[in-house]
Amino acid sequence: MSGIDRTVTPPAGPLRDFSFPAVTRLRLDTGLPVDVVRVPHLPVATALLVLPAGEDTLPEEHAGLAVLAGDALEGGTHHRSGVEMAEALETIGADLDASTGWNATTVSLSCLADHLDRGLTLLGEMVLDAAFPEEEVTRVRGQQLARIQQRAMDPGALASDRAAAEIYAPGEPYGRPILGSLESISGVTPAALRGFAESYYRPAGGGLVVAGDVDPAEVEAMALRVFGAWTGAPPSRSIPNGAHRSAARRVTVVDRPGSVQSELRLGHPGAPRTVAGYEALVVTTAILGGTFSSRLNLNLREKHGFTYGVRCRIGYRRGPGPLSVATAVDTAVTARAVAETIREMDRYVREGPTEDEVASARDYLAGIFPLRLETTGQVAARVAELRVYGLPEDTWAGYRDRIRGVTRQAAAEAARTHIRPEELAITVVGDADSVVPELEGLDLGPVEVQNP
Amino acid sequence: MSGTGPSSNELEPEAERVSRIDFTFHRRTLDNGLRVVVAPDRTRPVVAVNLWYGVGSRNERKGRTGFAHLFEHMMFQGSAHVPKNLHFELVERAGGSLNASTWFDRTNYFETLPSHQLDLALWLESDRMGWMVQAMTQEKLDNQRDVVKNEKRERYDNQPYGDWQERIQRMVWPEDHPYRHTVIGSMEDLDAADLTDVADFFQSFYVPNNAVITVAGDVEPDDAFARVERWFGEIPRGAPVPTIPGRTAVAIPMDAPATEVVEADVPLPRVMMGFRIPPYDDARFAALEVAASVLGAGRASRLYKNLVRAGVARDAFCYPFPLVTGASILLVGATGFPGSDPMGLADAVREQLRGLERVTQAEVDRGLALEEARMVRALEGLGERADRISMSTMLFDRPERVTEELDELRAVSLEDVQKTAAEFLSTENHATLAYRPREVEA
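So the sequences go chain by chain: A and B.
With my numbering applied, the first sequence has no gaps in its numbers, which climb one by one up to 935 at the end.
With my numbering applied, the second sequence has no gaps in its numbers, which climb one by one up to 448 at the end.
Among the hints, erroneous ones may be present.
Stated by the list, open to error - Below, computed lysine-lysine pairings styled on BS3-like, alpha-carbon distance capped at 25 angstroms:
1) A/786 to B/146
2) B/311 to B/425
3) B/146 to B/68
4) B/146 to B/90
5) A/786 to B/68
What the hints assert, rightly or not - Covered by chain A, per the in silico footprint, the following chain B stretches (three or more residues, Cβ under 8 angstroms):
6) 85–96
7) 167–177
8) 221–234
9) 411–424
10) 436–442
The hints are simulated quantities; they were obtained by calculation from the structure and are not laboratory data.
Remember, predicted model here, so these are calculated numbers, not experimental data.
Where a beta carbon is used, it is the ideal one built from N, C-alpha and C, also for glycine.
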C-alpha cells in the first residue's frame, strides 16, 4: 500500500541551487591579502595563514627544512614559551597547527568564533615572533628524524617515497621525501630555521583566509592589528619543472621479505594545478580511478578481489605533481594486479571513456562539490588554494559549470595527453622472491630489485 | 539548544555560546520498531542519511569472528531490486558520498548527498534492510571474503604495530567476554562462513526493530518522515535480537594487571596500556573523558608537556572508547625514540597517570574548553552530525544528547576527576603492551 515501485531508481526531486559562499576580498597596505567568508551556520571559525614557504623552494641539501620550521613554531616566541603558548590557546579551546607541503606552509587556527580575535593574536605572535629556542628545535628535529625512520618501515609510505624517486629526475624536489633525509635534517640549527622564517614567512605570495561566523569588517580590523606591521616578500621562487627520470617503462621492486601484501605505485609526472583543461583531467582520472565505481576499482577489487581498494590520482601542485595509481594487493596476485592495471590504463587511453562514464563522473564531481564545503575549514582551504596557485578569483564560482561542460572528447583528449602507460615507473614494495619471477614474465621493461 | 527542552544552564555565559547551536530534533518510531530521527538544517542543499544497526563484533558467535564486518561488505553487493555495484554507482552519480563501518557494538551505513536525491538513499537503504538476502550468491561471498582478507593484510598484518588491538583485547577482556576478539576477526572463521550464515545474520540482526535511521539536513520534517515511512514502513518487524554470546558482566576495574613485551618489525619502541573502565552510558564515564582530556588532549596536556616536550616520547595519546557492553576501555600510550626502553616508557606514562591525583581546576577548564570547541566543530559536517544523532538515539534513546553531552562534561568536578582517576586509572587496572624493535642483523 505504500505506492512505490522498488524496481526502478526513484526520480530526483527538484535541484536546489548552490553557490560558493561570497568571499570578501581585502588587502592590507603591506600587501597581505585577507579573504573573509561568512559561514554563519555554527559559532565556529577557521583562519588559515598561507606562507610562501613550501618544500619545493629548497635545494636538496636542505630538504625537509620547511617542514621542520613549520613544526618548530610550537616551540614558542620571544615572549612566551611553547608550553605557555599552548596553554593560552587551549584555555580558549583553540587548535593551532602548522602544516607544510610542497607549495606552502599553512598555519591554521580553529576555534569558537567568539575567540577569533584572541586566537588570531596568538597565531600572529607564533609566526611573526617565533623564537626557535635551541631545546625545542633539538626536540622537534629528533621527532622528524624518527618520522623519517618510521616511514622507511611503513610499506605504504616507503612505496610512495620510492615511487617519487623513480618518477622524477635527480635533483627534482618532487622526487625526494617531503620530510627530507637523515642527512639533510640531522644538522639543522636554530639559526637555520630563523633564517628560513626571516626569508620566507612574508606576506607577499601568501595570504590570510578566515571563514566562519564572523563579520568581514571586524576581521579586517583584527588583521590590521595583528599583521599590519608585517612586510616583505620571499626570495623569488621558481616552479619545479617536474622532469621525468626516464620515459622508458620499468619495474622497481623494493624487497621486504615476508610481506603478506605488495604495495604498488604506478606513476609518471602528471600536471600542475594550473594546467589548461584542469576540469577535463579531473573528470578523466575520476573515471579511471577516482571513485568506487571507477574502472580500476571495479576490476581489481570488485571483479578480482585482489585488493581492498585502488585509486588513481594526480597530486596537484605548483609544478607537475605525480599521476599515480596506488593500491595494496595480496602477494600471490602481485603480477596479475600490475598486468590488469596496465591493461585498464592502456584500454582507457586508447578508447577513451564512454558517454555514460563521462556523464556519471560529471554528475559525481558537480554534486560532491558542495558536500565538501560543509565546514569552515573546508571553505577556507578552497579559498586558500586560489592564493597558493594564483588562480582566478572566480575559480570556484564557475567550477561546477565547467565540470558540467566537460565533453567525452575533452575527457578522452585529457587521458591521451596526461596518462602514458608506456612511461610508467612501476614500484612494488613486497617480498621480492615471491613477486619478481612473474613480474619479469610480464615483460613490462627492466625489473630492478632494491633493498629498503 | 532550542528543541532540546529547557536547560538549567542557560544563564551561564559558557553555556550561552553553545546555545547558539540551533538544532532541532524530531523523532518517531514506525510500527515495525524502526526509530526515525529528523534533524533539519536548511542552510545548504545537502542531506545526510545514517543508519545504525545494533549489531557488531560483540554479537558474533564462536567460530564466526569477523562475520559482522564481512556482512557489512555483503550489504553493498546488491539487494532484490538493486544489482551488484549499483549502490555505489548510483550514489556517486548523484554526487553523493557513502560508506559503512563495523565496530564492537554497532554497524553503521551512511550517505551524504544533494538533498533532492533523498529518495535515492532511502530506496537503497530500505531495499537492503528488507530484501538483501535474495540477492546473495556464493560468488559475491567469495569475492568479498577476498576483499576483506586484503583489508586485513593492508590495515593490520602488513602494518607496524598492526596487531595491537588483538593483543590488548586479549589482555583486557576475559575469555568469554564479547570484546575479547577483534572486529576484523579470524580469517579461518571467515573461510568457514557460508550463505546460510549470511541469511541467519540478516534475519537475526538486520531488522527494523534493531535499527535507527537519522535524516539530517535540507529536509522538511513531516515530508522526511513520510518518505521514511513510505520506504521502510512495509518491512516486517523481526524477532527480538538474540542475546549477546558469552558473559558481558565483568569486574571493573580488572582483577590483575597483565604485561606483554613483543619484539617485532617496528620502527620505534611503543607502549600501549588498556584500562578497563565503566561503559559509555555509565554516569562516571564523563569524568574519565575529562581525565583523558587533561592527560592527552592538546599540547598543554600532561602527556605532551611532560613526555613529548621533555623529549621522552615522540608522541603520546589517551582516549576512552565509547563502548557499552558491560564495560569499556581507555587507551593510553606513547612512542619512544630509537634505543629507548619501552618498559621505561611505560613507567614514565604511569607516573603521569599517578599525577592525576593532583590535577588542578585550570587543567580541567582547559580540557573542557578543548572538548567544547571540538564537539561544536564535529557537528559542522552533516554526515558526522547524523552519525552522532544515530548513536545518541540507539544508546541513550535521546537524539538531543549530541548537544547535551557537553553539559554532562561541564558538570564534572575536580573531585570527580581525581576520584575516578584514582579508581580506574590505577596501576592494577591495566594491561601493558610494549613493542621493542627487532634487532637488525648487520
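Okay, the hints, checked on the actual structure:
Proximity of residue 786 of chain A to residue 146 of chain B is assessed by CA-CA distance (about 9 angstroms); at most 25 angstroms being required, the pair is judged to hold. Among the hinted pairs, residue 311 of chain B with residue 425 of chain B is consistent with the structure: their alpha-carbon atoms are about 23 angstroms apart, no more than 25 angstroms. A distance of roughly 24 angstroms separates the Cα atoms of residue 146 of chain B and residue 68 of chain B; the hinted pair therefore holds under the 25 angstroms criterion. With a C-alpha separation of about 9 angstroms, the suggested pairing of residue 146 of chain B with residue 90 of chain B holds against the 25 angstroms cut-off.
Distance hint between residue 786 of chain A and residue 68 of chain B is unfulfilled; the C-alpha atoms sit about 31 angstroms from each other, more than 25 angstroms. Residues of the region 85–96 of chain B with a Cβ under 8 angstroms from some Cβ of chain A number 7, which satisfies the need for three, so the listed coverage holds. Residues of the region 167–177 of chain B with a Cβ under 8 angstroms from some Cβ of chain A number 0, which does not satisfy the need for three, so the listed coverage is violated. Given a C-beta distance limit of less than 8 angstroms, the hint that chain A covers the region 221–234 of chain B is violated, as 1 residues qualify and 3 are needed.
Coverage of a stretch by a chain is defined here by at least three residues with a beta carbon nearer than 8 angstroms to that chain's beta carbons; for the region 411–424 of chain B and chain A the count is 0, and the condition is violated. Three residues within the 8 angstroms Cβ limit are the bar, and the region 436–442 of chain B against chain A gives 0, so the coverage statement is violated.
Violation of the numbered hints given earlier is confined to hints 5, 7, 8, 9, 10; the remaining hints are satisfied by the structure.
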